[in-house]
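S.K.: Below, each chain spelled out in residue letters.
2 protein chains.
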Amino acid sequence: AFGAAFDNPDLIVSVVVGDGEAETGPMATSWHSNKFLNPVRDGAVLPILHLNGYKIANPTILARISAEELDSLFRGYGWTPYSVEGDNPHLMHKQMAQTVEHCIQDIHSIQRKARSDGSPERPRWPMIILRTPKGWTGPKEVGGHKVEGFWRAHQVPVPEVQTNPEHARIVEQWMRSYKPEELFDENGIPRPELKEIAPRNELRMSANPHANGGRLRQPLAMPDFRDYAIRVEKPGAQEVSPTEILAHFLRDVMRRNMNNFRVFSPDENASNKLEAIYAASKKTWLASFKPEDSDGGEIARDGRVMEMLSEHTLEGWFEGYVLTGRHGFFSSYEAFVHIIDSMFNQHAKWLEKSKLELGWRAPIPSINLLITSVVWRQDHNGFSHQDPGFLDLVTNKSANVTRIYLPPDANCLLSVVDHCFRSVDYVNVIVADKQPHLTYLDMKAAITHCTKGIGIWEWASNDDGGEPDVVMTSAGDIATMECLGAVALLRECFSDLKIRFVNVVDLFRLQPGSEHPHGLSDRDFDTLFTKNKPVIFNFHGYPTLIHKLAYRRANHENLHVHGYREKGNINTPLELAIRNQVDRFSLAIDVIDRVPRLGTRGAHEKERLKNQIVESINYAYAEGIDSPEIREWKWPS
Amino acid sequence: AFGAAFDNPDLIVSVVVGDGEAETGPMATSWHSNKFLNPVRDGAVLPILHLNGYKIANPTILARISAEELDSLFRGYGWTPYSVEGDNPHLMHKQMAQTVEHCIQDIHSIQRKARSDGSPERPRWPMIILRTPKGWTGPKEVGGHKVEGFWRAHQVPVPEVQTNPEHARIVEQWMRSYKPEELFDENGIPRPELKEIAPRNELRMSANPHANGGRLRQPLAMPDFRDYAIRVEKPGAQEVSPTEILAHFLRDVMRRNMNNFRVFSPDENASNKLEAIYAASKKTWLASFKPEDSDGGEIARDGRVMEMLSEHTLEGWFEGYVLTGRHGFFSSYEAFVHIIDSMFNQHAKWLEKSKLELGWRAPIPSINLLITSVVWRQDHNGFSHQDPGFLDLVTNKSANVTRIYLPPDANCLLSVVDHCFRSVDYVNVIVADKQPHLTYLDMKAAITHCTKGIGIWEWASNDDGGEPDVVMTSAGDIATMECLGAVALLRECFSDLKIRFVNVVDLFRLQPGSEHPHGLSDRDFDTLFTKNKPVIFNFHGYPTLIHKLAYRRANHENLHVHGYREKGNINTPLELAIRNQVDRFSLAIDVIDRVPRLGTRGAHEKERLKNQIVESINYAYAEGIDSPEIREWKWPS
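Going line by line, the protein sequences match chains C and Y.
Quick note on this note's numbering: the first sequence kicks off at 1 and runs consecutively.
Quick note on this note's numbering: the second sequence kicks off at 638 and runs consecutively.
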């Protein structure tokens, strides 16, 4: 509801909240959204908490606390509650109409004041607490058991109507109580005076353009993402934080779209190195201010960056915002994006139906989700922050609406995000870390690479014009660096070893075309990965995900995936990589093991690699950081 | 915290809640847990909401609303808030001690009253709102920027200490402000009078037995699960609801363990057909009662069944309960168990560390999670309720703590649950539907089958003494029925077709032994599944999960998995099965396609199967239910 109201100053979004769903966590904190609604710029939300008293088979909590407690709760949440209560439909309709009218006038007067004097103090918005019987106007009792006003009214208030004549009679009586003969003519058509009541055109709920938000969608006014490119003179020579680079682009997207673009994050934009966006717009904040906020607080009543420590609320806002035709960007720590798994699942399901089965629904902007602060850089936070499994979930949802990108460096990230911002009807999941990482591709190469989604990096390969002995493959920024590290080690020791280096940005390229529209043809796949050579694949996430995507490919038997194996602690980056065997040494050893002709010849080198593993772990243990050779490693050119 | 307090009448669980985490959804609804705490039987929870005012880089909501609003919020949640506020450590320590003392006296007087007059009305428990500066007693300013009492105090209040001498000086000054010379002797050892203050033995926080709950664990007093068995005279001849059968067993487990066993569910025990447990104990309810509650409400102040419409709260209670050494059982609709993905992830991570790395931690009872109301029976709820993907997540976590069971019928479910209740240090995930399903195994056979975890069903196979032409495999109740349906169809048409029927209960049997302790040896796997015959696998969940587990197996290339392909709507069971090709007809067609010698001979039969698919869909569309032959299908014997 709030997502719909943001940047729609003339819209009042009324939302009915069941007292069952009001017990859920996401709902319980979302009442605080009133601290993020600006009465000058945004519309209003008029919640109607509907206490019908029961869930499937239980009373509800909010219906079984005292009226004083309930009133106190919603005043504490910052609302002004109005109560409507009763069971006489005629009186209740009147009372409800009056209360809604009153609330709308309240809303208008709040908005008028804020918009005239320009000081958008946080108002106490009105809300309605509506208390009516569950199964209202339905059968009072069935078989001697209370139904109306009790949980039995849930779903099927009168069971076994086909076999129990007494129950059939109850249903008939119930239906007749609405006096259909007064409502319909002899052909079963509603009488004209009834039809007259129905709203027309855009006042019909389903025809309200906000309810089919794609109709209101305006493409983002986009700066040229190439203007934010990092100069890359040679690959793997310098480090930048990809998200820090992205932040400048986001800032300028924000500047050009100050009415239909928002950035969402659970108190993490700064941590995720995206704080450059605050130059375009601060964080929305309508609770109280302190003098010190002006020194680095980056909060403002008219801010457009949405931060609250609830992934649920942010995802809800974001979904409401795109569903009403506007654009956004959500960044989250990788491990904690699982908090919104269920919301992602439901949005993906909705989107697929909307896109494939409901022709009248106009395409809506995509959900763009940046997953950062990734598993491989948790030197401070440790095991609890290591979980790259969200991607596994994404691959379970319809191929028509899911996209996953793992840009290996800053320029690729820019190219990917630009692409995502122009897309509609997808959930775009982008994985890119916030720490400084090597850059590999200049912008021209990045665009070509990201457009293909998968490709050979010639500068890291030496098999051109011949058959490779091994295909080294990576997906993900840190996985790519370690994989290149292994290539460098191998080329130093085995000058005749022919290595092909493949990088994957668009993860669904790995799936067959029959399973995902982005899937490579078997011909393309077989050419890239060969049909019989070992493929050593260094993956950002859980290694089995790659097998899940590629198990139908011809060379699957020779595909050996390294990835996160759920081994971790507060480790240095190399230590953590070693524990999960995604480090350069382990990868190089795997190559020695897999390329038959290196067999005995590789024994000495393998020994040296094993020594380096032991030494690296001991160094990390003793010093608490990795050795300078590791920390400052560059691609040898 | 509440999970720890349940059934520990003498325990006061004090829990410090940060004002950042207080913004999350799960936390926001968990304050309502006070409606589920019985002052006679349970201990107390004393929450301390610590408002230090800031998160990583933002003010917190609760610290920036008025004191009146905040007070009103917590009174609305049903607490009596006490405020402690200030920044003078000496005064604050005193004030805090007094307030804690006062709260404990409040708690004791509430408990005394309830325990003497026996009427456990819901009390207004005390809580403390503690307001102190963030980074309290740390540096006031660094580089001219406010630190103490501002978000900059988060994590690293003074950056670059190694390179900036001014910053190093600030840290030194800060450390010296605590007067170490008064606290430690010249060897750096705390002075005796300081040591004297520290609590001893079990009063030390880490030595409190509740903090190492395994030490308090008592095995459940278990009825004999065989006494609840369904008589199965021939396989696939009668239907029962597996969960309905289970409910009687659960009821008697509850009866024998009225102090250390609880059943958790989000308003779904009745829907999940577990309501027989209410005969042993009703649902805990301490909010208000109405007269009609006595007719089927099944709520009571001293109930032990925990229901609230928040999967988060339930999982939190359950974790607290097992962490303090007690036992439980949680049932959830399959699609919505994703709501607690993140909580499952973190518990599994904690459990692995506790089990493998912390020898002093005693084993705790397992989390037992029944996933029901499954994807394949959503004739009313439709697509939103179809998501078997939680298993994918579970397989990403450590093999040391994860178990997945898919009992194919009621007796198997009993056997599996009995096994899980006796286990420690696992998350046991059990998938079993609530609707009536065919029974296949008598109890003796069920025990043997579940103990093996995977096995041939001889009565459904006809390859004994020879090589099979095809191995038909199933995992999951509905998947098993359809797979047997396919076998029946095939045996009717191709009398010489040799079919082996394998059923999988323990999903991790499919993984190699090197990956999971339950993994079958390659020799066992190869004997069961052959090395070269087609395996048609009908799986309950997303089909790729089976490939993820089995991709290393010799016969993986011939493994053809059917499962949920994210295609659904409000469909009849057969219609939904057909859309995802897990129905008997599609499976039989797949066999005809995969067994070479059926090639041309099978054409007519394949045609007839295709006709049946079309007819079934048309019937379902026209009638809204499946045909009687489908609804009443039995295994032909």
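Source of the hints: derived by calculation from the structure; they are not laboratory data.
Mixed in with the good hints, there may be bad ones.
[To be verified] List of simulated lysine to any residue pairs, SDA-like, C-alpha gap at most 20 Å:
#1 K927(Y) - H154(C)
#2 K1247(Y) - R1128(Y)
#3 K353(C) - R1202(Y)
#4 K927(Y) - A67(C)
[Stated by the list, open to error] Computed footprint of chain Y on chain C; a stretch qualifies when at least three of its residues, placed anywhere within it, have a C-beta under 8 Å from a C-beta of chain Y:
#5 23 to 30
#6 263 to 274
#7 335 to 341
#8 395 to 407
#9 542 to 548
The beta-carbon is built from N, C-alpha and C at its ideal position, and this holds for glycine as well.
S.K.: Does each hint fit the structure? Answer for all of them.
M.R.: Structure-based check of each hint:
At roughly 18 Å between alpha-carbon atoms, K927(Y) and H154(C) fall within 20 Å of each other, so this suggested pair holds. Pair hint K1247(Y) plus R1128(Y) holds up; C-alpha atoms about 17 Å apart against a cutoff of 20 Å. Distance check on the hinted pair: K353(C) and R1202(Y) sit about 14 Å apart at the alpha-carbon level, within 20 Å; holds. Note on K927(Y) and A67(C): the hinted pairing holds, with a Cα-Cα distance of about 15 Å set against a maximum of 20 Å.
For the segment 23 to 30 of chain C, the stated coverage by chain Y is satisfied: 8 residues place a CB nearer than 8 Å to a CB of that chain, which reaches the threshold of 3. Counting residues of the segment 263 to 274 of chain C whose beta-carbon sits less than 8 Å from any beta-carbon of chain Y gives 5, enough to reach three: the coverage restraint holds. Interface restraint, the segment 335 to 341 of chain C with chain Y: holds (5 residues with C-beta to C-beta distance below 8 Å; minimum three). Judged by the Cβ-Cβ criterion of 8 Å, the segment 395 to 407 of chain C is covered by chain Y as claimed, because 4 of its residues qualify and three suffice.
Against chain Y, the segment 542 to 548 of chain C contributes 5 residues with a C-beta closer than 8 Å to a partner C-beta. That satisfies the three-residue criterion, and the hint holds.
Checked against the numbered hints given earlier, the structure satisfies every one of them.
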